[in-house]
Amino acid sequence: MAHRPLLTLLSEQEVHQIHTESLALLEEIGMKIESEKALQLLEQAGAPVDFETQHAHFPSSLVEEQLKHAPSAIILFTREGEPALKLEQNNVHFNPGSAATHLLDRQTGERRHPRVKDVIEFARVVDALPYIDAQSTAVIPTDVPINLADRYRLYQILLNSTKPIVTGTFVLDAFEDMQRMLEAIRGGEKQLREKPLAIFDTCPSAPLQWSELTVHDLLLGAQAGIPIELISMPQLGATGPITLAGSLVLHNAESLSGVVLTQLAAKGAPVIYGGSPTAVDMQYGTARLGAIESIMLTCAYAQLANHYNLPSHGYLGLSDAKIGADAQSGYEAATGILLGAMAGLNNIAGAGMLIFESTQSFEKIVIDDVLAGMVKRFIKGITVNKDTLALSELRDVGTKGGDFLRLRHTLTWFRKEHFMPGKLVDRQPYESWLDQGALTSQERAREQVNEILSSHEVSPLTKSQRQDLDAVVKTFMKRHKASSLPEGPR
Amino acid sequence: MSQKLVTNIREEMINCQTNRVLELVQQSIKEGIDATAVVSQGLTAGIRVLGDRFEKGEAFLPELAVAAETMKQALEILEPHLAKIVDEEALGSIVIGTVQGDIHDIGKSIVATMLTVAGFTVYDLGIDVSPADFIAKAKEVDAEIIAMSALLTTTMERMQETIDLLNKERLDKRVKVMVGGAPVSQQFAESIGADGYGVDFNQAVKIAKRLTGHAENTS
Chain A
1 MAHRPLLTLL SEQEVHQIHT ESLALLEEIG MKIESEKALQ LLEQAGAPVD
51 FETQHAHFPS SLVEEQLKHA PSAIILFTRE GEPALKLEQN NVHFNPGSAA
101 THLLDRQTGE RRHPRVKDVI EFARVVDALP YIDAQSTAVI PTDVPINLAD
151 RYRLYQILLN STKPIVTGTF VLDAFEDMQR MLEAIRGGEK QLREKPLAIF
201 DTCPSAPLQW SELTVHDLLL GAQAGIPIEL ISMPQLGATG PITLAGSLVL
251 HNAESLSGVV LTQLAAKGAP VIYGGSPTAV DMQYGTARLG AIESIMLTCA
301 YAQLANHYNL PSHGYLGLSD AKIGADAQSG YEAATGILLG AMAGLNNIAG
351 AGMLIFESTQ SFEKIVIDDV LAGMVKRFIK GITVNKDTLA LSELRDVGTK
401 GGDFLRLRHT LTWFRKEHFM PGKLVDRQPY ESWLDQGALT SQERAREQVN
451 EILSSHEVSP LTKSQRQDLD AVVKTFMKRH KASSLPEGPR
Chain B
491 MSQKLVTNIR EEMINCQTNR VLELVQQSIK EGIDATAVVS QGLTAGIRVL
541 GDRFEKGEAF LPELAVAAET MKQALEILEP HLAKIVDEEA LGSIVIGTVQ
591 GDIHDIGKSI VATMLTVAGF TVYDLGIDVS PADFIAKAKE VDAEIIAMSA
641 LLTTTMERMQ ETIDLLNKER LDKRVKVMVG GAPVSQQFAE SIGADGYGVD
691 FNQAVKIAKR LTGHAENTS
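Protein chains in written order, with our numbering: chain A, 1 to 490; chain B, 491 to 709.
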């Protein structure tokens with residue numbers, strides 16, 4: 001095993017200090033929780049609760065106790081039931097940034113609202129990408145009623161990809177419909193519990209609040225054994241302290257409260273310690289995601305997640321640039337993806353995403369796939385053994401002269417040791433680049449997207465899976481009086 | 491002496507020294523200095539300098555936010571001493587808040603700050619504001635504009651209810667409505683009959699000026 005390069009920003013003593021201060025915050029100040037049920041669970045566990053003001057204090061002993069029950073590994077399976085995401089230790093997996101309200105049109109580059117057709121195309125592109133390990137419900141279709149958009153995008157992704165999915169809801173009656181859809185694929189609740197197919201994101205509202213919708217999903221997910229990803233998102237300087245250490249305490253307190261709630265709902269429930277911290281831009285008031293401070297906060301909380309031995313998630317690889325393939329979108333994405341992987345985050349979401357988490361880009365997702373591949377190579381580190389040290393080859397060539405290219409050793413090792421990014425990364429001689437049209441990164445990325453869409457086949461669902469899935473969709477369409485939707489069920 | 495005191499207020503405002511500004515304002519009352527001058531040549535003049543620096547990228551949001559808060563506290567001290575604040579450069583009053591059911595504060599607060607810096611008198615009702623509360627405050631302070639914010643697609647519908655209530659009370663001719671927030675668009679603003687929509691605080695200030703007849707010639 002090669003040495004795993006692991007980035008740490010905090011000393012062990014500082015990790016402990018952040019932990020202690022977040023426990024103190026939860027105990028002294030507590031959280032506002034807009035959920036009668038969650039408050040009841042906390043009260044039963046001995047927490048001081050005020051139902052009137054919907055507020056609970058979390059005794060440190062309760063937090064420490066519940067942390068022990070949360071599992072340290074979560075495995076997500078493909079639609080076909082094969083293990084895909086192994087969220088444990090320092091494994092790293094990637095998925096696209098989710099819930100974009102906008103999309104850059106893959107032909108015109110125009111920024112516009114997504115449609116069902118885009119959900120399908122995006123899912124198919126991601127399905128084909130070798131280094132993006134999971135789907136997310138990446139764009140919100142606007143040609144379906146807004147209160148159905150959450151579950152309808154999940155439906156389309158289940159039809160158009162075999163990868164596991166990171167998703168979430170917008171309204172209270174969505175979770176159970178989405179759970180039924182996943183069960184339709186697996187064949188039942190028990191089968192879904194055994195082989196999770198999707199992760200649900202739940203976001204506390206910084207500072208120190210849980211909204212009705214997020215807790216609702218969190219409790220249902222925990223009870224059904226569906227992995228819940230906690231996305232605390234303090235905005236440095238706005239909804240969180242401007243200092244990194246201060247926002248880290250807030251982030252950790254919110255995350256720990258989420259862990260407690262999942263474990264009280266169902267002991268041993270799969271929960272992922274994650275987040276999406278941002279920093280307010282003090283000139284424009286925007287939420288900087290590509291900023292180095294947002295990335296630092298994420299890498300720092302990865303240490304907390306490791307400290308608790310919990311699977312971890314981070315929102316990285318995003319850029320605040322306005323086009324999918326320019327210098328800023330490249331360097332912001334590369335910085336985040338590389339540092340996040342080095343920090344040992346298990347599930348890194350954000351690929352493809354631009355403009356303060358608002359806009360998905362086909363061009364950026366294929367470029368970020370290359371970055372993900374590069375970074376996966378990097379964290380594999382350098383294998384040092386008798387064979388890789390090439391001791392006999394060095395001696396042979398050193399004695400007889402010649403080169404290493406034609407050696408069997410090179411043939412054996414080149415694919416294992418070297419990452420092959422394909423044509424998106426331009427490594428041609430200057431003249432041939434010129435001859436072939438002097439294509440920019442943006443043009444090459446668009447070409448690759450077109451190529452995938454014209455050639456990539458997604459294996460279909462079985463007949464009974466399709467029937468069961470369509471039945472769920474028809475039921476909620478009927479309930480919501482939506483008689484027909486684009487690309488609707490048969 | 492009095493001019494020096496007013497100048498000091500202006501300078502301490504620029505330096506964001508809240509306590510110092512409030513002390514000087516108290517002192518101005520003791521010395522019987524015209525409260526209108528304290529507001530226009532001291533407080534407002536200072537905040538405008540910060541606004542100009544912000545435009546040039548030399549000052550930043552935390553400075554403006556503290557200055558706007560200082561302004562609010564100073565005006566509370568001065569209020570009993572002013573028959574009505576007669577600031578010739580004042581642009582008008584705006585009642586602002588995040589709509590009912592929505593607890594997202596920060597975008598709205600930044601817009602409130604920028605409107606204050608631009609010279610409006612801003613009444614920030616905070617979050618989770620009902621249509622009735624918007625209207626009541628607008629009546630109370632004789633506001634020119636009601637400004638509403640929403641971050642959730644599910645809460646932005648509440649904007650319509652405020653506008654409906656405004657129409658019902660026959661205030662729609664006198665009070666203009668502007669809306670903003672991540673899910674809100676120009677198209678949505680038009681569909682609910684709002685008078686203006688801004689994608690960010692810069693546009694919010696421009697629209698507020700336009701709605702109150704202070705449109706800049708340059709823009």
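It is worth saying that the hints were derived from the structure and are not from the lab. Small disclaimer: the values here were computed from a predicted structure and weren't measured. Just so it is clear, CB atoms sit at the ideal spot from N, CA and C, and this is done for glycine as well. Where hints are given, some of them may not hold.
Claimed, not checked - Derived lysine-lysine pairs resembling DSSO-like cross-links, with alpha carbons at most 30 Å apart:
no.	chain 1	residue 1	chain 2	residue 2
1	B	Lys546	A	Lys322
2	B	Lys629	B	Lys546
3	B	Lys696	A	Lys322
4	A	Lys190	A	Lys478
5	A	Lys322	A	Lys376
6	B	Lys629	B	Lys494
7	A	Lys32	B	Lys627
8	A	Lys376	A	Lys463
9	B	Lys520	A	Lys32
10	A	Lys117	A	Lys380
11	A	Lys322	B	Lys494
12	B	Lys627	B	Lys546
13	B	Lys627	B	Lys663
14	B	Lys663	B	Lys699
15	A	Lys478	A	Lys322
To be verified - Calculated from the model, a selection of chain A residues having no Cβ within reach of chain B, i.e. all distances over 10 Å:
no.	residue
16	Leu10
17	Tyr131
18	Val171
19	Glu176
20	Lys195
21	Gln209
22	Gly237
23	Gly268
24	Met282
25	Gly285
26	Thr335
27	Ser358
28	Asp396
29	Arg444
30	Leu461
31	Arg490
To be verified - If you want the footprint, here are the derived chain B segments under chain A, 3+ residues with CB under 8 Å:
no.	stretch
32	520-534
33	616-629
To see whether the hints hold, each was checked on the structure:
no.	hint	verdict
1	B:Lys546 <-> A:Lys322	holds, 22 Å
2	B:Lys629 <-> B:Lys546	violated, 37 Å
3	B:Lys696 <-> A:Lys322	holds, 23 Å
4	A:Lys190 <-> A:Lys478	holds, 27 Å
5	A:Lys322 <-> A:Lys376	holds, 27 Å
6	B:Lys629 <-> B:Lys494	violated, 38 Å
7	A:Lys32 <-> B:Lys627	holds, 28 Å
8	A:Lys376 <-> A:Lys463	violated, 36 Å
9	B:Lys520 <-> A:Lys32	violated, 45 Å
10	A:Lys117 <-> A:Lys380	violated, 37 Å
11	A:Lys322 <-> B:Lys494	violated, 49 Å
12	B:Lys627 <-> B:Lys546	violated, 35 Å
13	B:Lys627 <-> B:Lys663	holds, 17 Å
14	B:Lys663 <-> B:Lys699	holds, 17 Å
15	A:Lys478 <-> A:Lys322	violated, 39 Å
16	Leu10	holds, 26 Å
17	Tyr131	holds, 31 Å
18	Val171	violated, 7 Å
19	Glu176	holds, 18 Å
20	Lys195	holds, 33 Å
21	Gln209	violated, 7 Å
22	Gly237	violated, 7 Å
23	Gly268	holds, 32 Å
24	Met282	violated, 4 Å
25	Gly285	violated, 4 Å
26	Thr335	holds, 23 Å
27	Ser358	violated, 7 Å
28	Asp396	holds, 62 Å
29	Arg444	holds, 32 Å
30	Leu461	holds, 30 Å
31	Arg490	holds, 29 Å
32	520-534	violated (count 0)
33	616-629	violated (count 0)
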